[in-house]
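Number of protein chains: 2
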Amino acid sequence: MDTLANLPLTEATLFILLSLAPEPKHGYAIMKDVQALSEERIVLSTGTLYGALKRLLEQRWIRRVNDPSANGDARERKAYALTEQGRRVLRAEVSRLQKLVKAARLRAVEDQG
Amino acid sequence: MDTLANLPLTEATLFILLSLAPEPKHGYAIMKDVQALSEERIVLSTGTLYGALKRLLEQRWIRRVNDPSANGDARERKAYALTEQGRRVLRAEVSRLQKLVKAARLRAVEDQG
DNA sequence: GGCAATATGTCGCCAGACGACATATAGGAG
DNA sequence: CTCCTATATGTCGTCTGGCGACATATTGCC
Chain A
0 MDTLANLPLT
10 EATLFILLSL
20 APEPKHGYAI
30 MKDVQALSEE
40 RIVLSTGTLY
50 GALKRLLEQR
60 WIRRVNDPSA
70 NGDARERKAY
80 ALTEQGRRVL
90 RAEVSRLQKL
100 VKAARLRAVE
110 DQG
Chain B
0 MDTLANLPLT
10 EATLFILLSL
20 APEPKHGYAI
30 MKDVQALSEE
40 RIVLSTGTLY
50 GALKRLLEQR
60 WIRRVNDPSA
70 NGDARERKAY
80 ALTEQGRRVL
90 RAEVSRLQKL
100 VKAARLRAVE
110 DQG
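Sequence lines, in order, name chains A and B. All the letters of the first sequence, read from the start, carry residue numbers 0 to 112 under numbering that gives the first Met the number 0. All the letters of the second sequence, read from the start, carry residue numbers 0 to 112 under numbering that gives the first Met the number 0.
To be clear, the hints were calculated from the coordinates, so they are not data collected in a lab. Take the hints with a grain of salt, since some may be wrong.
Since the list gives no way to pick out one identical chain from another, each pair is judged satisfied if it fits inside one copy or across any two copies.
Below, a list of computed lysine to aspartate or glutamate pairs in the EDC-like style, where the Cα atoms sit at most 16 Å apart [what the hints assert, rightly or not]: (1) Lys77 <-> Glu22; (2) Lys98 <-> Glu83; (3) Lys77 <-> Glu38; (4) Lys101 <-> Glu22; (5) Lys53 <-> Glu38; (6) Lys53 <-> Asp32; (7) Lys77 <-> Glu10; (8) Lys101 <-> Glu57; (9) Lys98 <-> Glu39; (10) Lys98 <-> Glu57; (11) Lys31 <-> Glu83; (12) Lys31 <-> Glu57; (13) Lys53 <-> Glu22; (14) Lys77 <-> Glu39; (15) Lys98 <-> Glu22; (16) Lys98 <-> Glu38; (17) Lys101 <-> Glu38; (18) Lys101 <-> Glu83; (19) Lys53 <-> Glu39.
Note that this is a predicted model, so its numbers are computed, not measured.
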């Protein structure tokens, strides 16, 4: 209920939600997307990924959907989409991060690039 | 050596370093400062605080200094200061956070708060 | 004298990241 | 036809670290 109480998100969770923000994806696609998004810095192990997805489903921040890239064949891939709740949490987290960066600037902690 | 390898910082660690950025402080002052900085959202338990300080000393991101507010009395308080290494890590972390916020904006995750 | 704020510390629990391992299919190189 | 890689999903055990609970001592106000 109280989305604020769940913050901060772990880095893995944050990137997974961020990856699902534009459109639903299946597990492996999330893994690749997070790598690209983080400029190869984050390589989610499958243990982290599927563990996080399980927790996210339980919290109802994401839900199972039909994979749009599936073409009716035998192999069924599991795709995940953000719920409204999940989107709210993501927005709250990004907002928290922005405040934090501003606070850091006030402390004269300027980035060097 | 490789400061980038230590990221991301945990929230507690980040706020402790941020608190020490302007000037050295002792443990209890850090606790109070972090509360103010985070608008009362983060209340460090002493377990978190002194556990983190111990790790930070071992990593040489902070070092012990004479408490500037001590006035030669019996009770000696332990003050901590950022090392150059610690300041580099802090800058790197803030820089990472900024990139992340920018990436989130590109994904159309706009903050409402 | 008692109570709150200041100040520093330890211990055990638990969540979660991560590496290792396991399994299965599809497609291209040799 | 076989091997290797990419795609794809999952479990298990370990370790780090946050956090609440507990312990202890000093200072200053009422």
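Each hint, compared with the structure:
no.: 1; hint: Lys77 <-> Glu22; result: within (14 Å within a copy, 51 Å between copies)
no.: 2; hint: Lys98 <-> Glu83; result: neither (23 Å within a copy, 25 Å between copies)
no.: 3; hint: Lys77 <-> Glu38; result: neither (25 Å within a copy, 40 Å between copies)
no.: 4; hint: Lys101 <-> Glu22; result: neither (30 Å within a copy, 18 Å between copies)
no.: 5; hint: Lys53 <-> Glu38; result: neither (25 Å within a copy, 32 Å between copies)
no.: 6; hint: Lys53 <-> Asp32; result: neither (19 Å within a copy, 36 Å between copies)
no.: 7; hint: Lys77 <-> Glu10; result: neither (23 Å within a copy, 32 Å between copies)
no.: 8; hint: Lys101 <-> Glu57; result: neither (33 Å within a copy, 29 Å between copies)
no.: 9; hint: Lys98 <-> Glu39; result: between (26 Å within a copy, 14 Å between copies)
no.: 10; hint: Lys98 <-> Glu57; result: neither (29 Å within a copy, 30 Å between copies)
no.: 11; hint: Lys31 <-> Glu83; result: neither (24 Å within a copy, 35 Å between copies)
no.: 12; hint: Lys31 <-> Glu57; result: neither (23 Å within a copy, 35 Å between copies)
no.: 13; hint: Lys53 <-> Glu22; result: neither (19 Å within a copy, 43 Å between copies)
no.: 14; hint: Lys77 <-> Glu39; result: neither (24 Å within a copy, 40 Å between copies)
no.: 15; hint: Lys98 <-> Glu22; result: neither (27 Å within a copy, 21 Å between copies)
no.: 16; hint: Lys98 <-> Glu38; result: between (24 Å within a copy, 10 Å between copies)
no.: 17; hint: Lys101 <-> Glu38; result: between (24 Å within a copy, 13 Å between copies)
no.: 18; hint: Lys101 <-> Glu83; result: neither (27 Å within a copy, 22 Å between copies)
no.: 19; hint: Lys53 <-> Glu39; result: neither (24 Å within a copy, 31 Å between copies)
When each numbered hint is compared with the structure, violations occur for hints 2, 3, 4, 5, 6, 7, 8, 10, 11, 12, 13, 14, 15, 18, 19.
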